[in-house]
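*Asks:* With chain A held as given, fit chain B onto it using these hints.
So the sequences go chain by chain: A and B.
Quick note, the first sequence lines up with residues 2 to 410 if you use the numbering used here.
Quick note, the second sequence lines up with residues 2 to 410 if you use the numbering used here.
None of these hints come from the bench; they were simulated from the model.
Computed from a prediction, not measured in an experiment: that's the story for all the values here.
Treat the hints loosely; a few may be bogus.
Copies of the same chain look alike in the list, so a pair counts if it fits in one copy or across any two.
Heads up, simulated SDA-like pairs for lysine to any residue below, C-alpha to C-alpha not over 20 Å straight-line [to be verified]:
#1 Lys26 with Met59
#2 Lys268 with Leu126
#3 Lys26 with Glu57
#4 Lys339 with Ile385
#5 Lys222 with Ser358
#6 Lys26 with Arg89
#7 Lys388 with Ala365
#8 Lys222 with Thr12
Residues per chain are reported as follows:
There are 2 protein chains.
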Amino acid sequence: MSLIVQKYGGTSVASVAHIESVADKVARFRARGHDIVVVVSAMAGETNRLAALAHEVMAQPTPREMDVLLAAGEQVTIALLCMALERRGHGARSFTGGQIRILTDDSHTRARIREVDCSRVRDQLGQGNVVVVAGFQGVTEQGSITTLGRGGSDTTAVALAAALAADECQIYTDVKGVYTTDPRIVDGARLLHHVTFEEMLELASLGAKVLQIRAVEFAGKYKVPLRVLSTFEEGPGTLITLEEQEMEKPTIAGVAFERNEAKLTVKGVPDQPGIAYKVIGPVSEQGIEVDVIVQNAAADGSNDISFTVKRDDAERSLRILEQVAPSLPAQSVHLDTKIAKVSLVGVGMRSHAGIASRMFQALARENINIQIITTSEIKISVVIEEKYMELAVRSLHGAFDLQNHENGQ
Amino acid sequence: MSLIVQKYGGTSVASVAHIESVADKVARFRARGHDIVVVVSAMAGETNRLAALAHEVMAQPTPREMDVLLAAGEQVTIALLCMALERRGHGARSFTGGQIRILTDDSHTRARIREVDCSRVRDQLGQGNVVVVAGFQGVTEQGSITTLGRGGSDTTAVALAAALAADECQIYTDVKGVYTTDPRIVDGARLLHHVTFEEMLELASLGAKVLQIRAVEFAGKYKVPLRVLSTFEEGPGTLITLEEQEMEKPTIAGVAFERNEAKLTVKGVPDQPGIAYKVIGPVSEQGIEVDVIVQNAAADGSNDISFTVKRDDAERSLRILEQVAPSLPAQSVHLDTKIAKVSLVGVGMRSHAGIASRMFQALARENINIQIITTSEIKISVVIEEKYMELAVRSLHGAFDLQNHENGQ
Numbered sequence: 002m003s004l005i006v007q008k009y010g011g012t013s014v015a016s017v018a019h020i021e022s023v024a025d026k027v028a029r030f031r032a033r034g035h036d037i038v039v040v041v042s043a044m045a046g047e048t049n050r051l052a053a054l055a056h057e058v059m060a061q062p063t064p065r066e067m068d069v070l071l072a073a074g075e076q077v078t079i080a081l082l083c084m085a086l087e088r089r090g091h092g093a094r095s096f097t098g099g100q101i102r103i104l105t106d107d108s109h110t111r112a113r114i115r116e117v118d119c120s121r122v123r124d125q126l127g128q129g130n131v132v133v134v135a136g137f138q139g140v141t142e143q144g145s146i147t148t149l150g151r152g153g154s155d156t157t158a159v160a161l162a163a164a165l166a167a168d169e170c171q172i173y174t175d176v177k178g179v180y181t182t183d184p185r186i187v188d189g190a191r192l193l194h195h196v197t198f199e200e201m202l203e204l205a206s207l208g209a210k211v212l213q214i215r216a217v218e219f220a221g222k223y224k225v226p227l228r229v230l231s232t233f234e235e236g237p238g239t240l241i242t243l244e245e246q247e248m249e250k251p252t253i254a255g256v257a258f259e260r261n262e263a264k265l266t267v268k269g270v271p272d273q274p275g276i277a278y279k280v281i282g283p284v285s286e287q288g289i290e291v292d293v294i295v296q297n298a299a300a301d302g303s304n305d306i307s308f309t310v311k312r313d314d315a316e317r318s319l320r321i322l323e324q325v326a327p328s329l330p331a332q333s334v335h336l337d338t339k340i341a342k343v344s345l346v347g348v349g350m351r352s353h354a355g356i357a358s359r360m361f362q363a364l365a366r367e368n369i370n371i372q373i374i375t376t377s378e379i380k381i382s383v384v385i386e387e388k389y390m391e392l393a394v395r396s397l398h399g400a401f402d403l404q405n406h407e408n409g410q
Numbered sequence: 002m003s004l005i006v007q008k009y010g011g012t013s014v015a016s017v018a019h020i021e022s023v024a025d026k027v028a029r030f031r032a033r034g035h036d037i038v039v040v041v042s043a044m045a046g047e048t049n050r051l052a053a054l055a056h057e058v059m060a061q062p063t064p065r066e067m068d069v070l071l072a073a074g075e076q077v078t079i080a081l082l083c084m085a086l087e088r089r090g091h092g093a094r095s096f097t098g099g100q101i102r103i104l105t106d107d108s109h110t111r112a113r114i115r116e117v118d119c120s121r122v123r124d125q126l127g128q129g130n131v132v133v134v135a136g137f138q139g140v141t142e143q144g145s146i147t148t149l150g151r152g153g154s155d156t157t158a159v160a161l162a163a164a165l166a167a168d169e170c171q172i173y174t175d176v177k178g179v180y181t182t183d184p185r186i187v188d189g190a191r192l193l194h195h196v197t198f199e200e201m202l203e204l205a206s207l208g209a210k211v212l213q214i215r216a217v218e219f220a221g222k223y224k225v226p227l228r229v230l231s232t233f234e235e236g237p238g239t240l241i242t243l244e245e246q247e248m249e250k251p252t253i254a255g256v257a258f259e260r261n262e263a264k265l266t267v268k269g270v271p272d273q274p275g276i277a278y279k280v281i282g283p284v285s286e287q288g289i290e291v292d293v294i295v296q297n298a299a300a301d302g303s304n305d306i307s308f309t310v311k312r313d314d315a316e317r318s319l320r321i322l323e324q325v326a327p328s329l330p331a332q333s334v335h336l337d338t339k340i341a342k343v344s345l346v347g348v349g350m351r352s353h354a355g356i357a358s359r360m361f362q363a364l365a366r367e368n369i370n371i372q373i374i375t376t377s378e379i380k381i382s383v384v385i386e387e388k389y390m391e392l393a394v395r396s397l398h399g400a401f402d403l404q405n406h407e408n409g410q
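If we strip away everything but chain A, and leave its shape as in the complex, we get (with noise of 0.2 Å):
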């Protein structure tokens, strides 16, 4: 017998229906014997009529009540499935945010959790209950109800699967687990059954997005096994542990991209201390997110710096570029929004030489040049043009013959 902490998302809990065939899973997990601890998110689109009305009231909501106001969602769904539990014959308890207490900090709509009181769910799962808790919420040392911000539901479910120690976290999703790549860019991306947190983290951040980064990073420091499976189709989805516990790893867990950046580049500038700072400082501070930064010093003493942000970001980065381009000097300042980030991910790299230049090989073999490299010990980026981004995670998923490997898999 296992206790086990399961989150569905919104769409998962949509309309009754989908709220009943949760509970048949539920049910199914408490006939084997588990103790069960379920996490719900607001049905889909509930946050956003809730958000709506509020907007109609005020442009930029109080956020104290906006939370308030948010918390009211997952509310909803608790209840209805604690009914759909009972109508099954399974005793059931609902708990808020704050009647749990999932203590927060009081940063209101991106609240962090601080402590999570797990005496009244032990008291529940003891007398032979289902434990339903509100995702998303939490509460101030104050009293005050607060919301984790986006994915907050799967982060609550790690943290009570942390609090209470539990023998597995079940993120439950529209899809069936975390690919070696996006099946809807190569017919051979496979289902990865394990992954490590680190490789998870990867992955995520570059564009598998399956899990929020927050809930992965979460599980990692505390240990908690996370598994992501479909609500949808039955299958033993993707185990996210920790590396020590893995018998043997594959090189290359798998191969994520991101589209949605572009490129600047400060070309001519001086090769002397500080420069790099004196370039990236500026964007930083207007709140643009820096992504890959790579700085070539040239021989005759000038230096080019190219850096990546996202899309959206792009023309206001290259203004303020061009605004501190004389006090530097550089020569001259370039944006290129046509580009796109094609990762390898993978803590076998660590152990293994001669992953980038089989990488290097691959996409030389299709032509596709390579603007930027850079590399981490768990993986190795490259910036390229756009339109070939499909064609080079094609050939590194083949190169590595990502379809094939399952050892230790």
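*Replies:* Chain B only, in chain A's frame:
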């Protein structure tokens, strides 16, 4: 500067536009320097929408979870109203029943208030904020969400006013206040500027359904000055206070009526101690509410007992009486569903003789036959044939000159 508790029901907060009007009204009171606590219901239709979802899930929803579900309704309204107040430059803080800590017993869906903690409300008022409280809901000692049943928001408002020793509790509705009788029946029906709690109880229970009886009882018990007034039209409404505060009271406050009753008569029972109990007992034991009861001993030592019940309970009551009739023994049992009850209400009756005879005279003038008469200290009720009800109400309203009385009002 006064401390005022205001309550706005579902039709007063039916849409964002309605909530904006309520905010305007509250803002005007704030501008005059009053401290304001606002109690709101769920937006009209919302409670029904949520209850319908629950009934999709199960025919008899779990009471505990029904309360969690329904309580989400008011939570939406408090947040939106606070935003509307903030946009008008007035600081505002929302509280759910659980956050205030409106402590109730654990009778889910019809909980009773045990205690109201005012510390957070006083705190916020002290900081110059309007306090907006979710009506209809509370929390048990164990922290479970409860609801107070029908008209619960009125009760929340009165309980808060009592706990805060507010100067006035204002209940905003869709009528201008309490009238001498139903304006749909009598053109000259006049808005009462003052009534006593006792009169209000009699008027409310007899058909003038403006306020929940429970809230009036509560207000009377804790001596909270209660004012009923319209959300949509300006006006002083009706102030409901203790009799002692009145300078001078008119004899009659109003004419109430009830057409939803039926009369049962048991004829020819022996004139013995305990016979009334033997007749009424079996009916009450089946959960049927018995209203007017009269017993009349005849010269021949036999007895007739008549009583009224809700019309829906009439057939069931008749069957019960037919079963017990042989054991009484009774000569016969009769049911009459075509009756109505008309009542004169007024605390002034206590010290005025001759009211009853003036009443009977007025009815006699219209050839209306009286079937039953019952009297209490502040009320005289007659049961008559249903078809004469409107005529009786109009004739009594005229006979006591209620359209013109302004003495003390």
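*Asks:* Against this structure, judge whether each hint is valid.
*Replies:* Against the structure, the hints:
no., hint, result
1, Lys26 with Met59, "between (41 Å within a copy, 18 Å between copies)"
2, Lys268 with Leu126, "neither (63 Å within a copy, 61 Å between copies)"
3, Lys26 with Glu57, "between (38 Å within a copy, 19 Å between copies)"
4, Lys339 with Ile385, "within (9 Å within a copy, 89 Å between copies)"
5, Lys222 with Ser358, "neither (33 Å within a copy, 86 Å between copies)"
6, Lys26 with Arg89, "within (11 Å within a copy, 48 Å between copies)"
7, Lys388 with Ala365, "within (15 Å within a copy, 98 Å between copies)"
8, Lys222 with Thr12, "neither (28 Å within a copy, 50 Å between copies)"
In this structure, the hints that do not hold are numbers 2, 5, 8, in rising order.
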